[in-house]
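Asks: If you want the working numbering, it's the 1-based position in the sequence shown plus 2.
These aren't lab readings, by the way, just hints derived from the structure by calculation. Only a predicted model underlies this, so the values are computations on that prediction, with no experimental measurement involved. Beta carbons: idealized from backbone N, C-alpha and C, even for Gly. Just so you know, not all the hints are guaranteed correct.
Claimed, not checked - With beta-carbon atoms standing in for the labels, derived distance ranges:
no., residue 1, residue 2, range
1, F84, N114, 37 to 45 angstroms
2, F84, H113, 21 to 29 angstroms
3, A20, H113, 23 to 31 angstroms
4, M15, Q126, 31 to 39 angstroms
5, E172, R137, 46 to 54 angstroms
6, N103, A20, 21 to 29 angstroms
7, E141, Y93, 22 to 30 angstroms
8, A20, I163, 24 to 32 angstroms
9, I163, S7, 31 to 39 angstroms
10, A9, G59, 19 to 27 angstroms
11, F78, R32, 30 to 38 angstroms
12, M74, E165, 21 to 29 angstroms
13, A75, Q14, 27 to 35 angstroms
14, Y77, D133, 32 to 40 angstroms
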Amino acid sequence: MREKSVAFSRSQMGEIEACLDELVRNTGAREVLLADTTGRLISARGRLGERESTATGVAALSAGGYAAMVEMARYFEIETEFRQITYEGEYHSIYSSNVSNTLVITVVFDHNVKLGIVRAFTKQATQRLQDIVTRALLEMETDRRLHGEEELRADFGQALIDELEAFLAEEGS
Numbered sequence: 003m004r005e006k007s008v009a010f011s012r013s014q015m016g017e018i019e020a021c022l023d024e025l026v027r028n029t030g031a032r033e034v035l036l037a038d039t040t041g042r043l044i045s046a047r048g049r050l051g052e053r054e055s056t057a058t059g060v061a062a063l064s065a066g067g068y069a070a071m072v073e074m075a076r077y078f079e080i081e082t083e084f085r086q087i088t089y090e091g092e093y094h095s096i097y098s099s100n101v102s103n104t105l106v107i108t109v110v111f112d113h114n115v116k117l118g119i120v121r122a123f124t125k126q127a128t129q130r131l132q133d134i135v136t137r138a139l140l141e142m143e144t145d146r147r148l149h150g151e152e153e154l155r156a157d158f159g160q161a162l163i164d165e166l167e168a169f170l171a172e173e174g175s
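Using the sequences and the accompanying hints, generate a full structural model.
Replies: What follows is the structure in structure tokens.
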């Protein structure tokens with residue numbers, strides 16, 4: 003999984019939070035977390051969302067668990083990219099899914115909620131999140147290009163002034 007940092011605008015964060023809130027409602031999940039592949043918490047909804055320090059730790063563990071699964075696949079020479087991981091406990095389960103190789107969404111749910119329901123609604127949420135990630139990456143690339151062109155113009159302008167001053171200094175001597 004490639005590690006690509008994504009910066010979201012305020013409106014995109016609103017879309018992300020609405021998407022995660024809908025996932026909590028549709029699945030009856032206890033918690034839903036979204037983290038980047040480095041473990042940086044993007045958003046937490048549900049009970050953990052109220053305790054940011056706990057949500058931050060769980061986000062890092064979730065991304066780390068996902069990265070560990072990818073590495074295990076490499077050891078076994080499994081070429082397929084893992085899209086989802088499920089941990090099933092006696093009373094609670096955890097389902098994680100890859101979003102555009104950039105983010106990991108994690109859903110914590112009770113044993114009375116069917117995994118199929120969680121998977122179906124998480125797939126819908128993942129598709130919405132992929133659209134948001136794509137837009138954010140495009141905006142970041144556009145900003146980078148514009149910023150780079152401005153720096154280039156400023157550097158060129160300064161170089162031109164320096165050369166002109168040097169030329170005039172030579173002419174004046």
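Asks: Can the suggested window of 24 to 32 angstroms be confirmed for the beta-carbon pair A20 and I163?
Replies: Violated - the Cβ-Cβ distance for A20 and I163, about 50 angstroms, lies outside 24 to 32 angstroms.
Asks: In this structure, is the beta-carbon distance linking M15 and Q126 contained in 31 to 39 angstroms?
Replies: Hint violated: Cβ distance 19 angstroms, outside 31 to 39 angstroms.
Asks: Does the beta carbon distance between Y77 and D133 stay inside 32 to 40 angstroms, or does it fall outside?
Replies: 34 angstroms, holds
Asks: Is it true that E172 and R137 lie within 46 to 54 angstroms of each other by Cβ?
Replies: 52 angstroms, holds
Asks: Is the hinted range of 30 to 38 angstroms satisfied by the C-beta distance from F78 to R32?
Replies: 32 angstroms, holds
Asks: Starting from the hint 19 to 27 angstroms, judge whether the C-beta atoms of A9 and G59 obey it.
Replies: 22 angstroms, holds
Asks: A20 and H113, beta-carbon distance inside 23 to 31 angstroms?
Replies: The hinted range 23 to 31 angstroms holds for A20 and H113, with Cβ atoms some 27 angstroms apart.
Asks: Could you check the hint for me, namely that I163 and S7 are 31 to 39 angstroms apart, CB to CB?
Replies: 36 angstroms, holds
Asks: Is the hinted range of 21 to 29 angstroms satisfied by the C-beta distance from F84 to H113?
Replies: 24 angstroms, holds
Asks: With respect to the beta-carbon atoms only, verify the hint that M74 and E165 lie 21 to 29 angstroms apart.
Replies: Hint violated: Cβ distance 58 angstroms, outside 21 to 29 angstroms.
Asks: Does the Cβ distance between E141 and Y93 fall inside 22 to 30 angstroms?
Replies: 42 angstroms, violated
Asks: Verify the CB-CB distance for N103 and A20 against the hinted window 21 to 29 angstroms.
Replies: Because 23 angstroms falls inside the window, the suggested range holds.
Taken one by one, the earlier hints fail for this structure at numbers 1, 4, 7, 8 and 12, listed in ascending order.
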